[in-house]
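Student: Starting from the given sequences, assemble the full structure and let the hints guide the process.
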Amino acid sequence: MFSSKQKEELFHTALVKYGIDYYKAGTVAKILASGKPDELLTDKEIQLSKEVCSDWLKQHKRLASIVRESGRFIEHKQRKLSMSHTQWREKGEVPTITENRILPFPIFNSSANC
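Residue numbers for the sequence shown follow my numbering, beginning at 1 and rising by one.
Source of the hints: derived by calculation from the structure; they are not laboratory data.
There may be inaccurate statements among the hints.
Here are the computed distance ranges between Cβ atoms for each label pair [to be verified]: (1) 67 / 42: 17 to 27 Å; (2) 38 / 59: 15 to 25 Å; (3) 73 / 39: 41 to 51 Å; (4) 43 / 65: 31 to 41 Å; (5) 44 / 71: 39 to 49 Å.
Quick reminder that beta carbons are idealized off the backbone N, C-alpha and C, glycines included.
Tutor: In structure tokens:
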């Protein structure tokens, strides 16, 4: 089981990690870690907690969306990298290794001035 202080540190870290102001996060972390029922909290504490938790949720959803999209991008790049040389030529592209990355470039006509 976590002590009240450990809970406070965990809440504070989680809130700050998602972009919540350091001092607001500290105040709300204390409120959350205290485990007090809403009836024992002031209106100001309740309002601040709702505001901070709402901001945290927005950031959490935004970052989760970015991670999902980057995962799709990486999967797409992995599929392209796993294509055979013949498949690349059929698409009119040749993979070129540059700084440990494979970049597709169109096949240039040998008579073209590149």
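Student: Does each hint fit the structure? Answer for all of them.
Tutor: Quick rundown of the hints versus the structure:
The hinted window of 17 to 27 Å between residue 67 and residue 42 is violated, with their beta carbons roughly 37 Å apart. Distance hint for residue 38 and residue 59: a CB-CB separation of about 24 Å, consistent with the stated range 15 to 25 Å. A hinted range of 41 to 51 Å holds for the C-beta pair residue 73 and residue 39, which are about 48 Å apart. A C-beta distance of roughly 33 Å is found between residue 43 and residue 65, which places it inside the suggested range of 31 to 41 Å.
Taking 39 to 49 Å as the suggested C-beta distance range, the pair residue 44 and residue 71 conforms, at roughly 41 Å.
Comparing the model with each earlier hint shows a violation of hint 1 alone; every other hint is respected.
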